[in-house]
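Trainee: What follows is the residue order along each chain.
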Amino acid sequence: MTDAGRVSYTPRPYRRTAVPSSPTLHGIQRFTAGYTPALNAQVRAAGGFARWFDRQLADGYDDAWAAQTEQWWSSITASYEVTAQRDRDGVEGFWRADANYQCWSMVRRFGSQRQVRETMADFWEHHFHVPAVGDVGPFRSDYGRTIRGLALGRFDELLRTAVLHPAMQHYLGNVNSSKSAPNENLARELMELHTVGRGPYSEDEVKAVARLLTGYRMNNWVVTYDPTKHWTGAVTALGFTHPNTDPDGRAAVLALIDHLARHPLTAQRVATKLAQRFVSDTPPSGLVERLAEVYLASDTAIAPVLRALIASPEFARSAGQKVRTPAEDVVASLRALGVRLAAPAGASDAAANAILGRSTDIGLAPFAWPRPDGRPDEAAAWSSASRFLASLETHYSFSGGWWPKKGIVYRTPRSWLPASRIRFDLFVDHLSRTMLGRPSTAKLLRVACEASGCKPAEIITAQHRIVKWDMPRLITTFLDSPTHLTR
Amino acid sequence: MTSRTETAGRATHVTGDPAPATTAPSCAEVGCDDFARVAMSRRSLLRSAAVVGGLTAGATTLTTVGDAFLQTSYAATRSVPAVLVVLSMRGAVDGMSMVVPHGDPVYYQARPKIGIPAETLLAKDGFFGLHPNLAPLLPLWTSGRMAAVHAAGLPVANRSHFAAVELVEDADPGSRERIGWINRLIGRDSYASPLQAMQLGNSVPATAVIGPQPTLSVRGLNQVKLAGADQWDKQGRRPRSMRTMWGDVGGPLGQGARAAMQAVSQFGAVTATSTTPANGAVYPTGGFGDALAAAARTIRGDVGAEVITIDQGNWDHHVNLGTLEWGSMQQMTTQFAAGLAAFFTDLGPLASKVTVVTLSEFGRRTRENANYGLDHGYGTVMMLLGAGVRGGYYGRWPGLVNNDNNDLQVTTDYRSVLAEVVTARLGASSAQVFPGFTPTPVGVVSGL
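Those protein sequences? They're chains A and B, same order as listed. Here the first sequence stands for residues 1 to 487, numbered as in this note's numbering. Here the second sequence stands for residues 1 to 448, numbered as in this note's numbering.
Please keep in mind that the hints were generated in silico from the structure rather than gathered at the bench. We treat Cβ as the ideally placed atom computed from N, Cα and C, and that holds for glycine. Don't take every hint at face value.
What the hints assert, rightly or not - Just some of the chain A residues that point at chain B, by a computed CB distance under 8 Å:
1) L39
2) N183
3) A316
4) S318
5) F388
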């Protein structure tokens, strides 16, 4: 029927292009924004994945990329006053300032040498989700930067900082709550989403925590505390009790947060979410138990939990089981294609801005999830038919260099050729190693042959039609593979 | 747990459950990539026909070979006699602002600032009335094609958005499997096209559509195309290579990829519909209007879409629900009504097969908070519009209370309403779609 029946597809290794071992590639896929040959070299130079991981946890690589790119949008580092003023003056609305932050979060992950910090910043920012869609005034960029700074530290500090940050206080309506009619929104999500998870508390305990959280106010984007709005009286919730007699309830709130951070159910929840992110959608309960124990034993420090996770046999067995989210797909595709990004210089169609729309097209821009539980982290959410089609659309436009065109330098088709003359099957193997970090397979070779119309033994040169005209059709195939769409 | 003896509303009409349909074969039994082989052989056939000279009636559509099979293979879809459109009002809508119980004095006592004055209500009877911004829907109401079932919801209160949404959309409390009620609904027969259930406006599948049956979740109709399968791909290399790549991939991603390629091959009749709404319909700008317009085009294309689900907005009004003059509720009811009115105008005669039902995970408290808002409550309203709907107000009113536990109690399990819709309109078995649940007759929908 087709030539598929007659041609034999036997992958041939192009050994000159180095690839990491399978366990190292797995670690890279889980804790970075995607494989690159340069990253492979960095891991090798560190002496292997575990040593590289330790050095990442210790910030042993420079932060120049983040420092450079946070200047690409003035709103990223602007004060609340300046951001609010620009919104009032119609210069740059809050929604655009938040969009800048969304873009920067992707750019950061694209180029950072501190890949593990970026990965964990992303994790915590979704755990303490505040949508970056212009709904929380001037606070969102600072919120994200603050969480990034704490991302490899301790959960108690993260919890305290996130929950009391004006972005969260505003998002969940706590700044207008008062003792006359407490707003229960933050109280409920503090327990259900941020700490112990749903179930172990009663509605009376939600109301009690809501009363304890009264007193915070906001005026002209400044968070203040008004003791006359604070409900006083004893509070009991989840094993926490406090007389709460002081009209200034802030010390009692801090005590509650410290209690919740160390609650065994919080340990369970944090361990479960980490295992879902870095192991599998349905993590083994034994692993979760062990990680929860490490969390409690290390008094909520994150690094020991991560070390235990990557050392676990459950982690080792889980390669390729996670589906990339839309933003992860976009960033990993740009990394696989070896592009260079430049400052957007205010152009909405520059790559550093345009990638946001690409992520939306595939399903969701970073931090655009409309509810406080944060974007889902399971295959079913990111496997819809339209996700697939939109991913392919994005891969193809990147592969052709058709969109975006500004603020980005794509590799030339010729630069993908590792030699002046090479068999097609070897070329496919080289591309697989370069873009996916692993040798080609018989199936990938067959797909590449079908997509390009080339035969395995066909000689490819710079004058071959595939290099002159049809490289986008070939290289997009690698991005369209199950290997690239998972991590 | 959930069966009740009281009869809700004007219930007189009981629809018996037909015998359960034969369970569709699983992927493991038939192979989920069957469609790929079918598409391949159909394509070979069509290309042969074109080469032979195209003397058949379909010949005029076969002039461009690369595109031809995409344009013609939609004949494989079937026409459906009835379409269910599910509007999910995300964030827990305050049913008492949509359909106001003006006859309950506690309503106004509990809502001194945000209560909607009785004199402003539309379609008012002695007890209920509609939010004035629902005015564009009055023609539907007065013609007896719009109904409201009040005090509806889950059998047990659940104030977590996320847990409640899962319960509502999974609708199978006895099972640990995560399969949505819409997926079970379309799984009642052996027809398995991803176009049978479509989610429009949001490509992240809601729980209701998740399950073994392939479905299509898209932001917009223009996403239903395979990049690279264009006029320059004359040999069909692109679709062939993608079928090879994804034909045997397991898990949700493989299922989604195959559903996507099947959907693309079956979508031509929708793509061919005009992008301009019919009958002068004008949709409100924004995602909700866009999704409804896409739904109308999909129905017009008649590609076998039996269930279309659309998310609407964020009704989580802890703050600034507001009054008739300002706030989020007056804006959102305006958008809701304008969108649905445009949808029915756009549909024209096709409206005779389209039934719309609204769902929300729970309702809101009776008593307003200090922020012109309402915290998480329990019962809410479900609205039904269109084909088969018996207009009017339904639901046994439990009476409001103004104390610390000021919920609107639930008197109608939401599944009773949905069960009536899916049995009367789609001929489904309630027992299959809502396992273990015995519906109480509501009488709000009549059969085909």
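Trainee: Would you mind marking each hint as holding or not holding in the structure?
Mentor: Evaluation of the provided hints:
| no. | hint | verdict |
| --- | --- | --- |
| 1 | L39 | 24 Å, violated |
| 2 | N183 | 6 Å, holds |
| 3 | A316 | 20 Å, violated |
| 4 | S318 | 13 Å, violated |
| 5 | F388 | 4 Å, holds |
Violated hints for the displayed structure, listed by number in ascending order: 1, 3, 4.
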